[in-house]
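Given chain A, put chain B in place with the hints provided.
Given next are the chains, with one letter for each unit.
2 protein chains.
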Amino acid sequence: MEITGKNFIGNTPSAKGANNFQVSNPQTGALLPTSFSLVTEDEIKELAAKAATAFKIYHKKSAAEKAVFLETIAAEIDALGDTVIQRAMQETGLPEARLQGERGRTTGQLKMFAKLLREGSWADARIDTAIPDRQPLPKPDLRSILVALGPVMVFGASNFPFAYSAAGGDTASALAAGCPVVVKAHPLHAGTDALVAQAIINAAQKTGMPDGVFSLVFSDEAMAIRLVTDPVIKAIGFTGSRKGGMAIFNAAVNRTEPIPVYAEMSAINPVILLPGTMAANAAGIAQGFSASVSLGVGQFCTNPGLMFMVNDAAAQEFLAVLNDKIKDIPAATMLSKGICAAYNDGVAKLKSSATVAAHSTATVHAEKTEATPYIFTVTQKDFISNKNLSNEVFGPASVIVLCSNVEEILEALQHAEGQLTATVHANAQDEKYMDDIVDLMKEKAGRILFGGFPTGVEVCDSIVHGGPFPATTDSRTTSVGTGAILRFVRPVAYQNFPQHLLPDELKDSNPLNTLRIVNGVHTRDAIA
Amino acid sequence: MEITGKNFIGNTPSAKGANNFQVSNPQTGALLPTSFSLVTEDEIKELAAKAATAFKIYHKKSAAEKAVFLETIAAEIDALGDTVIQRAMQETGLPEARLQGERGRTTGQLKMFAKLLREGSWADARIDTAIPDRQPLPKPDLRSILVALGPVMVFGASNFPFAYSAAGGDTASALAAGCPVVVKAHPLHAGTDALVAQAIINAAQKTGMPDGVFSLVFSDEAMAIRLVTDPVIKAIGFTGSRKGGMAIFNAAVNRTEPIPVYAEMSAINPVILLPGTMAANAAGIAQGFSASVSLGVGQFCTNPGLMFMVNDAAAQEFLAVLNDKIKDIPAATMLSKGICAAYNDGVAKLKSSATVAAHSTATVHAEKTEATPYIFTVTQKDFISNKNLSNEVFGPASVIVLCSNVEEILEALQHAEGQLTATVHANAQDEKYMDDIVDLMKEKAGRILFGGFPTGVEVCDSIVHGGPFPATTDSRTTSVGTGAILRFVRPVAYQNFPQHLLPDELKDSNPLNTLRIVNGVHTRDAIA
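Chains as they are written, first to last, in the working numbering: chain A, 1 to 528; chain B, 1 to 528.
Same shape as in the complex, but just chain A (with noise of 0.2 angstroms):
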């Protein structure tokens, strides 16, 4: 498959516009094959007018017929073989292996969401039969689904070009919900995308999906916003910067209509080990923070990037193994020149402000657009007082916060903003601290590890990707696993619907046979 550089207005490749951009290598430094054509105003009128008639096809389509159109965006994505890896691998300098594990990642969640759609209970089916004699007023019949809000725009992530992009969690949970995607190409990996969006257009004709049902624009801020706010858009999910995201959900809570920004922007990861488990095992938690803190050269969201302990013996144990082994660490490729730039940007703040406690002696190739780990040590007051030091320094870059005690790790943590996860280290000796730090730790995250490291967001029913702000814009959702769907839908009540004129879920046969909840009950009982 060739990428021809083109916008996707639905089904139509199209390149109007007067500019275009390349991306480059971060490991070269050269720039790779193909013009990539940014949008223009006309392209986006095309575009938005083929959602919004896409829309009133697609959300019709059952079950079935978009389960199939997911696993069949599955199997285009599987055939484009090797071409997309080696341009990922060229656009983005991640390995190999990851990129062909974030691939199998990408198509397990269309397949998983095709399977939560043929099971078909989440849709929240929920029935009211009629009472006609009730006094003093006759209760009508009720009965309620979730439907799709309309076409939703998502905007690709730097650091996971299969994953969070084209054909990401936001793009599958999206088309499981029934809305139309427009999809803003990450210009990091803009040919990624391509051949990407080209698999999700093949699977729409194969599987006789409207055109406009999905669409990929390149595209700069200015025209990315004027999407934002096209009344067609019903919903936005991004995943990337704090100051990106805002200005998004800003752009869409002013809108004339306001919707729902799902942006997931920032987050520091706080991991706390109490002193009993760290008496036991400070050097074996070293080495895993070692491991996690420069896992993808830290380039993850749920990278762990604050840690609170008590400043004892078993701390100065902690902080030579940590020492020795970061020491080794080699310097590795960051996604581009920016986001490296960003890196050394933010630990030279950090040096300005905090003790070095840690650092990689490896040879930094700086045209290799190559960094190494850098951790650091604050006092508990320090880090009270200085916000900057809770800033996000995307990379591996990680601040120890030393405390006298236990309370002082509640107070520190009580100081710091939402969270994506929370981790807590604890054995039998912390047993006394645990409701206290559960609960603060529940308040500030959406995942709350005991033991581990965050690094690795399993996708399944039960993983919450999300949280308090600024951690999300909305912390009311997951952004992984199958409650993803649960974004874009909104609740309609039916009153007094003939049977024929109901969607299948809400009909007395429950032919779907979904779990449904019936007069109070849970059940997939048909009503007689």
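Hints are not guaranteed to be accurate.
[To be verified] Derived DSSO-like pairs: lysine-lysine, alpha-carbon spacing no greater than 27 angstroms straight-line: (1) K61(A) x K432(B); (2) K139(A) x K444(B); (3) K444(A) x K61(B); (4) K442(A) x K56(B); (5) K442(A) x K61(B); (6) K206(A) x K115(A); (7) K507(A) x K442(B).
[As the list claims (entries may be wrong)] One-sided excerpt, in silico: chain B residues whose CB lies under 8 angstroms from chain A: (8) K56; (9) L142; (10) K442.
Worth flagging that the hints you see were computed from the coordinates, not collected in a lab.
We put the CB at the ideal spot given by N, CA and C, even for glycine.
Below, chain B without anything else, positioned relative to chain A:
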């Protein structure tokens, strides 16, 4: 029980401010006893601190404890007896039977949420158990559940002194979710709110709930916005005007930490009368419509303010019968001078751009704050070109859009904004239009009706009282029924937690016997 006119800063009556107001009786114009103290900055700070502390205790109360609290509130409201009904009659001009019914609905809602909590499955417990030997990486144990957002601020509504006020649906659902509540009393029925607040405080004290689990303030607009922007507040419930709702929404989304706003604001609830059913039953429908539009002097958010029909012989019969029914409807007292003036103003504006089709010939006593119904007709072209014809006129007014054919009805409906409800009347002759019409109704409204009229909102699992903007600021939710609890929660995932630190709903043994998703299967079974 006595009305003191003091704010309830948690359990503490407080009147630190210099400014007061009294409520007047709309039927007589007389000022009612008791001066209400407007809340001050100091008092806001006190209640915010109390709400924050109360949250830490309250959200950990068991489902059974919260259920007893809600049931005790219902009992305490019943114990207010005739005192609160008489005060509400004096403050709102609403008839005794209606207020008694509304109180019953309010206590019924509290008991409904108590039942929901005891059953427990609403919390959406999801469990994926570990697979330690999975390749390439072990699968962790993940379990998720919905947890309370934090303190919620509720704005009481003018038109429902019980069901959407101090102990109304927003308060009941927020308390059920585990959130402390701060109510801004509605100035038109401050005494009713004060009595109900005292009942809630009594219940909190009797059931051992923390001071600050409930507060109620009398507030001007500036101080209300001050409270909306307090960092302690994590969500807002509002029922009222579009202007008021948008002021709150804008303040809430521009906070440092934006928060969800559930504002129910504006709806004209279109009713579509198709030609087949009109030919068969124009007179019967006209009779039903005249009763619905004038019910409670039209002071319902589900009042049918907009009708569409084909301008045929049946439409002329409909208008004749309507005129005949409407002309005899007696004048009735509206909620306040201000609301009555706004209604008269809205009617005057409609008179300038639409034709009066029916109105009551009853004498209107302005000194008794009385009003009468007005029904207008407009052409489809005028309706589409004049946006003002779609503005909500709160009260017994309605606009009938006369169309040339059903296609024109669809075109006109497409121009309508988001609605709480949409209704269609159809018979077998109208079947060919139904697919398109139901699709459009579903796109525009939160509840769609086949036959009947939208006034009357059933409280149950399957009700949806909500809808696309501007009906509400968040179409993803309902403010009535058990689903309302989902507005005040967010999911949290527990990774690799030991059993004793998990909430009961997520323990292997499933001690509360709730329905859970365990490894992809809906079940109440314990995990072996």
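Original post:
Does K442(B) lie within 27 angstroms of K507(A) when you go C-alpha to C-alpha?
Top reply: 17 angstroms, holds
Subject >> 27 angstroms Cα cutoff - pair K442(A), K61(B) >> reply: Since the Cα atoms of K442(A) and K61(B) sit roughly 15 angstroms apart, the hinted pair holds (cutoff 27 angstroms).
Subject >> Cut-off 8 angstroms, beta-carbon criterion: hint that K442(B) touches chain A >> reply: 5 angstroms, holds
**OP:** Under 8 angstroms, Cβ to Cβ, is where K56(B) needs to be relative to chain A, so tell me if that hint holds or is violated.
**Re:** 7 angstroms, holds
**OP:** Would you mind confirming whether the straight-line C-alpha gap from K61(A) to K432(B) stays at or under 27 angstroms?
**Re:** Measuring from Cα to Cα gives roughly 20 angstroms; hence the hint holds.
Subject >> Interface hint for L142(B), Cβ within 8 angstroms of any Cβ on chain A >> reply: 4 angstroms, holds
**OP:** For the pair we were handed, K442(A) and K56(B), check the Cα-Cα distance against 27 angstroms.
**Re:** 11 angstroms, holds
Original post:
Do the alpha carbons of K139(A) and K444(B) lie within 27 angstroms of each other, as the hint requires?
Top reply: Given that 27 angstroms is the threshold and the Cα spacing comes to 24 angstroms, the pair holds.
Original post:
Does K444(A) pair with K61(B) here, judged by a C-alpha cut-off of 27 angstroms?
Top reply: 19 angstroms, holds
Original post:
Between K206(A) and K115(A), does the CA-CA distance stay at or below 27 angstroms?
Top reply: 20 angstroms, holds
Checked against the numbered hints given earlier, the structure satisfies every one of them.
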